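Protein sequence lines correspond, in order, to chains A and B.
Using my numbering, read the first sequence as starting at 1 and increasing by one per residue.
Using my numbering, read the second sequence as starting at 1001 and increasing by one per residue.
Hint data in this document are derived by calculation from the structure and do not stem from the laboratory.
What you are looking at is a predicted structure, and each value in this text was computed from that prediction instead of being measured.
Possibly wrong hints are sitting among the right ones.
Claimed, not checked - Computed footprint of chain B on chain A, listed as stretches where at least three residues anywhere in the stretch have a Cβ under 8 Å from a Cβ of chain B:
| id | segment |
| --- | --- |
| 1 | 46-55 |
| 2 | 135-143 |
| 3 | 209-215 |
To be verified - From chain A, some residues computed to sit far from chain B (all C-beta separations above 12 Å):
| id | residue |
| --- | --- |
| 4 | V29 |
| 5 | A60 |
| 6 | L73 |
| 7 | P125 |
| 8 | E158 |
| 9 | S159 |
| 10 | F235 |
| 11 | G253 |
| 12 | A261 |
Unchecked claim - Here's a subset of chain A near chain B, in silico, CB distances under 8 Å, partners left out:
| id | residue |
| --- | --- |
| 13 | R32 |
| 14 | F155 |
| 15 | A160 |
| 16 | L206 |
Heads up, the beta-carbon is just placed ideally off N, CA and C, and yes, glycines get one too.
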Amino acid sequence: MFDSTFMRLALVASVATGASLGILGVYLVMRRVVFLGLVLANVATLGAAVAEAIGWSPEAVSLAAAVAAAAILGEVGASNRVSAESLMGWAYAAASSATVLILSRVAGGGSHTMDLLYGNVLAVPASHVVGLTVLAAAVVTAQIIFMPRFVLVTFDPESAQIAGVKTRRWSLVLNLSIGVAASAAVHEIGALSTFALLSLPPTAALLLMGGIRSAFAMSAAIGVTVPAVALMLSFQFDLPSGPACVALLALVGTAAFIARAGRS
Amino acid sequence: MAIIPKPITPNIGERPGAPGSPSDGEWAFVGSDLAIGYGRPALFENLSFEIRRGEILGIVGPNGSGKTTLLRTILGLLKPVAGRVARWPGLNISYVPQRDRIDAIVPVTALEVVTMGMTARADAFDRIRAADRRAASQAMELLGIEALGGRLFRNLSAGQKQRVLLAKALAASPDVLVLDEPTSGMDIASEAAILDFLRALNTEQHVTVAIVTHMLPIVLNLATTIMLVSPRGIVHGAAGEVLQEERLTAVYGVPVHLGQVAGQMTLVVGDKDGGDV
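Construct all of the structure, not just a fragment, from the sequences and the given hints.
This is the structure we're talking about:
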């Protein structure tokens, strides 16, 4: 199965994105802004669509769009009239519909729409795999160094701010990291899988594990293992790899809920 | 069966003062021509005050009067509508929030929560060292919660959570300790122990204490100065001068009577002849 280069590249790309998104997604779940992940994935997709239409680099425009959205939406708080999640819903609907509309006007846009939404990890170029691996290494390194700070501003931002911690700056760093990781992932695994990896492994991990460090480790482990298994299954049974990964993640999430319910 | 908490005596070791931290009697916060609130019209205007080092300040008033808004403005969590609040440079402030402002979704243990008090003071690249964990354990011992170290914060009782948050604040060796409703959810024995602890922290360690509470009896025998917050305005002064029966009756809208029981100030609400309020 992994004799061929494209399968080995697809495997490394899946593992690298799974590690990055699995770790970063824990913060999204703990901060109760899971849909920020969905929005960032779709804004990155919109960026790629716009780039396609105007002839610019899809990776660059996608990254710029995701980073800008992460910076802006990360500042959105709940008002007395609407929740932050409803604003995320608006952003998601706007981004995903704009993507389809733009690509409908681009030659060959139909197949590209499918790739952006569902991914095509089997066609990932080696240069992108290198980038994804470097990004994963950076995320893991930042997590090792700055986890106490990130957890502090997540758990009790007000006390941290009073103590002199630049909580807004640290929140921005987190959001920008998620924007960069989502943008990089979307081109290879699609918006759906990107959102799934940002939300399902962390949810399962937080359900199953009793501590913060073990939750991060479990989320990363699920993020690394499930896409690899899905890749093998899709090869074996001729299934689309992106939806196979999402379906498997959903099964893992379901199992986590059942296991948690069984313990209570 | 009520569990009597073991006596707690503050002795958190050497507390190197922040460089240039004010000595007792000097100011810690100064408000100048402040207007506070969430936009125009402001909740209060033309506020000017000094909070002095070494005080135990009680910020009291009826529910919804603006106590927490005032506190959040002083601490810099809320931007003033007008004016400014100055804070002594380098002042080490620890804040104990209301319990319900903490999101229980984060799966941290009580010891990890207390250790966060030192994380906040440290450089971002610093690691949590064994000495930090020992200081955290010491803070937990002071509050009689050392046995809770390995338990998840979200699984603790209301009173236990409050003690953990207090230990977190103390672990940072503060110059100023600010507490928002610190005894909510505690039984009377636990409440008395906490109040004695805060008094000892102030007199023995010279920690300035500021407490926001809607429970007037808490500050009666604890606070040296009072900010009485009401829709009519804010009265700030020595506790004995501010906490007068006539003023409290006007602010709370019910007859308030002050007296002494067993050498302690106490408060009764209602008519003196025993009639219903």
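Structure-based check of all given hints:
1. 46-55: violated (count 0)
2. 135-143: violated (count 0)
3. 209-215: With 5 residues closer than 8 Å to chain B, the segment 209-215 of chain A meets the three-residue bar; holds.
4. V29: 8 Å, violated
5. A60: Non-interface label stands for A:A60: nearest chain B Cβ at 30 Å, farther than 12 Å.
6. L73: 19 Å, holds
7. P125: 35 Å, holds
8. E158: About 6 Å separates A:E158 from the closest Cβ of chain B, which leaves it inside 12 Å; violated.
9. S159: Nearest chain B Cβ is 5 Å from A:S159, so the label is violated.
10. F235: 36 Å, holds
11. G253: 16 Å, holds
12. A261: The claim stands: A:A261 keeps its Cβ more than 12 Å from every Cβ of chain B (closest is about 17 Å).
13. R32: Holds. Min distance 7 Å.
14. F155: It holds, given that the least Cβ distance between A:F155 and chain B is near 5 Å, below 8 Å.
15. A160: With Cβ-Cβ at 5 Å, under 8 Å, it holds.
16. L206: At 7 Å from the nearest chain B Cβ, A:L206 passes the 8 Å test, so the hint holds.
The earlier numbered hints that this structure contradicts are 1, 2, 4, 8 and 9.
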